[in-house]
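Student: Spelled out from the first residue to the last, the chains are:
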Amino acid sequence: MIVATLVPLQATILGLVAIGATCVALCRNTLRQIVLSGVYGLTLVILFVVLQAPDVALSMLVVSTVAYPLIVLVAIARSRHGDVEDEGEGE
Amino acid sequence: MSLRLKTRTRRQIRGAVALPVLGALGVLLLWGFSGLPAFGNFHGFYGTLLTKIAVPQRHTTNVVTAVVFDYRGLDTLGEEFILFAAVVGVLLLLRDQGEDEEKAEPPRDAVTSDALRFWGLIGAGGAIAVGLWLVAFGYVTPGGGFQGGVAIASAIVVCYLAGSYRSWLRVSSEEVLDPVEATGAGGFAIVGLAALISGLPFLRNLLGPGEVGTLFSGGSIAFLNWTVALEVAAANVLLYTQFLEQYIAPMVRGRE
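Residue numbers (our numbering), protein chains in the order written: chain P, 1 to 91; chain S, 1 to 256.
The following block holds chain P by itself, in its conformation from the complex (with noise of 0.2 Å):
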C-alpha cells in the first residue's frame, strides 16, 4: 500500500483544473470554448506531472491541444456550413 498527503502544488493545480473545468462549461462562445478547453487540457497536464504520471501527460498534451480541438473545430465549421471561417477572414 502507498500512502501519500496532498502538497501544497497539486492543491494549486487541481484548483486551476477545477476553475478551467468551469470556464470551459460557462464560455457561451463556442470558438472561444474550443480555445478555453485546449488552456484546460494543459492544466491536467500540469496536474499529471505534478501527480508524477508523465506517460498520460504526455498524451494528454497532444490530444487535448491539437487533436481535439482541430476536430471540433472541423466539425463545428462544417456543421454551421461556413460561419466559422467567415469570421476569421473578416475582410
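To give an idea of the chain P side of the interface with chain S (calculated C-beta under 10 Å), a few residues:
hint, residue
1, 2
2, 3
3, 4
4, 5
5, 58
6, 61
Calculated directly from the structure, the hints in this document are not laboratory data. Virtual Cβ for every residue (Gly too), placed ideally from N, Cα, C.
Given chain P, put chain S in place with the hints provided.
Tutor: Relative to chain P, chain S alone:
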C-alpha cells in the same frame, strides 16, 4: 404573447423534469465520493506488485510501457483494433459519394507570411524529432508508441497550418497511409503470433530482457512499441485528412 407564455411553461416543465434527475445524480456522486480512499492512499495490489517486479523481470525502466506492451499486451491489442475500426468507420462515413463528377481543384490558400512558414517548418521538424524520440525511448524514459505517434501526427498538421492545403495533400496520401496503418495494426498481432509459433502463449515476450536502461531492453516490447507508433500516427493523419477535406470542400464549392 401566447408564444412567450408557451416557451416559459416549456422551460418550467424542462426544469421540473431536470431537477429531480440532477438531484439524484448529485446524491449518487456524493455517495460515491464519500466511499473513495483518501488522497494518496493506493490499495491496488496489482500496481504495487508490478512496480516491484517489472524492472527485474523485463529490464524496462519505464514500468508503464512494460505494463502496456507486455503484462497487459492483449488489452493493448484490443485498443489498437478499436482505433483501427474507428478510423475505418470515419473513412467509410466520409467517403466520396460519387456525386461530384470530378474532384474540385484544391484551393490556393498558401500562407504568405515568410516568418510563419519558416518557424512553422522548424516547429514541425522539431515536433517530429521529439515524437520519434518518444517512441524510440518509450520503454526507457516516459513516452511510448501512442504518445510518440500522436506527436508525429500533430507535427504533420503544422504542414497545413503553416503551409497550404496543397502541401498537406502531398504528405497525407491515402495510398501511403492505409498500408502503414494496416502494418501497424497487423504487426502487433504478428509479434503475438510469433510467440505462438515458437511454442509460447500468445504475445509472450519471446526475446531476452536485454540490458537495463538501454534501447536493447524489454525484448519484444520494442517491436510492439513501434507497431503501435505506426498505427497511431497513420490513423491520426488519416482522421485529420478526412476532417480537413470536409472543411475545405464547401469553400471550394462556394468559389465555383
